[in-house]
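Protein chains: 2
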Amino acid sequence: MSQPRIDVAAIGNAIVDVLAHVDDAFLARHGIAKGGMTLIDEFRARTLEKELPGATLAPGGSAANTTSGVAMLGGSARFIGRVKDDFLGQSFLSGLNAAGIHYSTPMSSTGSPTARCVIAITPDAQRSMNTYLGASVELDESVIAPEEIAAAAIFYIEGYLWDPPKAIAAIRKGMAAAKAANRKIALTLSDSFCVGRHRAAFLDLMASDLAILFANEAEIISLFETADFDGALQRVRAWSDATGGIAALTRSEKGSVVAGRGEVHVIDPIVQGKLVDTTGAGDLYAAGFLFGIAHGHDLAACGRLGSLCAGEVITHVGPRPQKDLKALARAHGLL
Amino acid sequence: MSQPRIDVAAIGNAIVDVLAHVDDAFLARHGIAKGGMTLIDEFRARTLEKELPGATLAPGGSAANTTSGVAMLGGSARFIGRVKDDFLGQSFLSGLNAAGIHYSTPMSSTGSPTARCVIAITPDAQRSMNTYLGASVELDESVIAPEEIAAAAIFYIEGYLWDPPKAIAAIRKGMAAAKAANRKIALTLSDSFCVGRHRAAFLDLMASDLAILFANEAEIISLFETADFDGALQRVRAWSDATGGIAALTRSEKGSVVAGRGEVHVIDPIVQGKLVDTTGAGDLYAAGFLFGIAHGHDLAACGRLGSLCAGEVITHVGPRPQKDLKALARAHGLL
Numbered sequence: 001m002s003q004p005r006i007d008v009a010a011i012g013n014a015i016v017d018v019l020a021h022v023d024d025a026f027l028a029r030h031g032i033a034k035g036g037m038t039l040i041d042e043f044r045a046r047t048l049e050k051e052l053p054g055a056t057l058a059p060g061g062s063a064a065n066t067t068s069g070v071a072m073l074g075g076s077a078r079f080i081g082r083v084k085d086d087f088l089g090q091s092f093l094s095g096l097n098a099a100g101i102h103y104s105t106p107m108s109s110t111g112s113p114t115a116r117c118v119i120a121i122t123p124d125a126q127r128s129m130n131t132y133l134g135a136s137v138e139l140d141e142s143v144i145a146p147e148e149i150a151a152a153a154i155f156y157i158e159g160y161l162w163d164p165p166k167a168i169a170a171i172r173k174g175m176a177a178a179k180a181a182n183r184k185i186a187l188t189l190s191d192s193f194c195v196g197r198h199r200a201a202f203l204d205l206m207a208s209d210l211a212i213l214f215a216n217e218a219e220i221i222s223l224f225e226t227a228d229f230d231g232a233l234q235r236v237r238a239w240s241d242a243t244g245g246i247a248a249l250t251r252s253e254k255g256s257v258v259a260g261r262g263e264v265h266v267i268d269p270i271v272q273g274k275l276v277d278t279t280g281a282g283d284l285y286a287a288g289f290l291f292g293i294a295h296g297h298d299l300a301a302c303g304r305l306g307s308l309c310a311g312e313v314i315t316h317v318g319p320r321p322q323k324d325l326k327a328l329a330r331a332h333g334l335l
Numbered sequence: 001m002s003q004p005r006i007d008v009a010a011i012g013n014a015i016v017d018v019l020a021h022v023d024d025a026f027l028a029r030h031g032i033a034k035g036g037m038t039l040i041d042e043f044r045a046r047t048l049e050k051e052l053p054g055a056t057l058a059p060g061g062s063a064a065n066t067t068s069g070v071a072m073l074g075g076s077a078r079f080i081g082r083v084k085d086d087f088l089g090q091s092f093l094s095g096l097n098a099a100g101i102h103y104s105t106p107m108s109s110t111g112s113p114t115a116r117c118v119i120a121i122t123p124d125a126q127r128s129m130n131t132y133l134g135a136s137v138e139l140d141e142s143v144i145a146p147e148e149i150a151a152a153a154i155f156y157i158e159g160y161l162w163d164p165p166k167a168i169a170a171i172r173k174g175m176a177a178a179k180a181a182n183r184k185i186a187l188t189l190s191d192s193f194c195v196g197r198h199r200a201a202f203l204d205l206m207a208s209d210l211a212i213l214f215a216n217e218a219e220i221i222s223l224f225e226t227a228d229f230d231g232a233l234q235r236v237r238a239w240s241d242a243t244g245g246i247a248a249l250t251r252s253e254k255g256s257v258v259a260g261r262g263e264v265h266v267i268d269p270i271v272q273g274k275l276v277d278t279t280g281a282g283d284l285y286a287a288g289f290l291f292g293i294a295h296g297h298d299l300a301a302c303g304r305l306g307s308l309c310a311g312e313v314i315t316h317v318g319p320r321p322q323k324d325l326k327a328l329a330r331a332h333g334l335l
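Sequence order for the protein chains is A and B.
The opening residue of the first sequence carries number 1 in our numbering; numbering runs sequentially from there.
The opening residue of the second sequence carries number 1 in our numbering; numbering runs sequentially from there.
It is worth saying that the hints were derived from the structure and are not from the lab.
Any given hint could turn out to be false.
Said to hold, decoys possible - With a cut-off of at most 27 angstroms between alpha-carbon atoms, the simulated DSS-like pairs for lysine-lysine come out as follows:
| no. | chain 1 | residue 1 | chain 2 | residue 2 |
| --- | --- | --- | --- | --- |
| 1 | A | K254 | B | K50 |
| 2 | A | K254 | B | K254 |
| 3 | A | K326 | A | K34 |
| 4 | A | K254 | B | K34 |
| 5 | B | K323 | A | K274 |
| 6 | B | K326 | A | K34 |
| 7 | A | K34 | B | K274 |
| 8 | A | K274 | A | K254 |
| 9 | B | K254 | B | K323 |
| 10 | B | K326 | A | K274 |
| 11 | B | K254 | A | K274 |
| 12 | B | K254 | B | K179 |
None of the values given here were measured: they were computed from a predicted structure.
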């Protein structure tokens, strides 16, 4: 089997973020669930955007954010996802190009506009996401080129991708290509509501082919329907012992817990300034962790790389790193 | 071997707490190290007390606080420690009697007065302790009655007891009695400065006879001189794998991590109100945990009992529980 030429090939919804600071009353007025991700239609997206004239546009999308972190650490990454050939689609691709992320999914020329996510940031730095999937619903198995998947050490899938109807065929095709090339398959559970929609599918994937699982506390508790974090952790360890899988469980200000290979690591956050906007925290944690795995670091070091990347992205508005993560990791003795 | 008749026999400095709310300027003015425990002489104790006319007197002492928690959970406990036959000594004994704690150490009639600890509580609910050991320096091997140690499932020692010069002989005699009766020996590291003073002795005890270790994050990092909590946790797991020992590592608002029997549990705090005074938090965590061990609960349940008891004692001034811990534990489904 040939060596992989890149670190991570990630598939997810290709989304432009519309970020705005709001107060809690805004959430109440618009019936937005705080801290979560809600799927909305185009009409509601336009309504929310109209009320947020000072919003910032930024390329987003969970898996795409992760690839940007991998690239900024000095790794190589590919993103797979569908945009439309419109203004937002072009700006999404510019973001990938600027970060040096491989990308070859053709843009759609007809149908829904490029997906966007209206992100309301409250004064407590929490983000509440409202996603209009748009062109992402056109993501189907045609986006998967098996040789691109085979070229990457890790095939990384966002759980949100179980929402658009045709994406499951793309996931299956990608997983088959990854398995045929003996590559690792990784999954993020994405959001606790997402776990509620797709619990059986996620558990099924874990029982068969999954090598690396990412989840935050609410997601892993929802997945296993346990009373508390420790109950979920025990289920995760049993899964790891049975399958050889590795799990990275993020806990906001409590840091993260990494379980795998018979080990358990309790990793501290790496605070790098005032908490401004938690958008992208989980995505960037995954970036650091996956970079570490692809480059042969031990599990504790992978967790610390995750903490470092997540710690940077929450000090500013927007879901992608602004500082040189490679230099930052070196300064912290992690690279 | 006969069954133990009580749960925990604990040995420690018998101390009356002098608790007062101060501001950070008070700490600066008196050169008090925030969050730690400093040993002071009688003169300095009197000086500090004079500046704190509104202080509250309360029976304290780390191991004694722990016995009060065990008793309030419905368990049985013995305290071993030396007071003088003076006003503070009488009030210390009244506290033990009121809580139903077994006690038979004779009071000293000559020599230094009963020990006291001037505790400065800052607005952030942190407590900074200034301990005058007083009569505690008279604690020697005569306080140990081997049949009393043999009667308890666990012999619990506070790390602070390595400070008074004659206490080490009492510790050794107690450990010998516990081993002869096949009882468990437990230790709390007490304080990170205490670890700095007695690191070699603590490591030595862990390598030979220790069954249960309590430490907070700063203490365990200091013990193993690691860069971070996870590094210390890995050393703790290696210790546990090698000796069969169990460790409960407390982390303030991050909860605790329990390692032993090949298991690792990440236990949440059980918040029961506004944080007022952290005095006694570690002592009461140990109470819940030891009660759980003595009554055959699994490690996760022991950790939760610890969280429950610590969570109660930090909602009010003073180092001993005020609510009925047994009823509280039942209400939380822990008993």
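#### Entry: Hint numbers not upheld by this structure, sorted from lowest to highest
1, 3, 5, 6, 10 and 12
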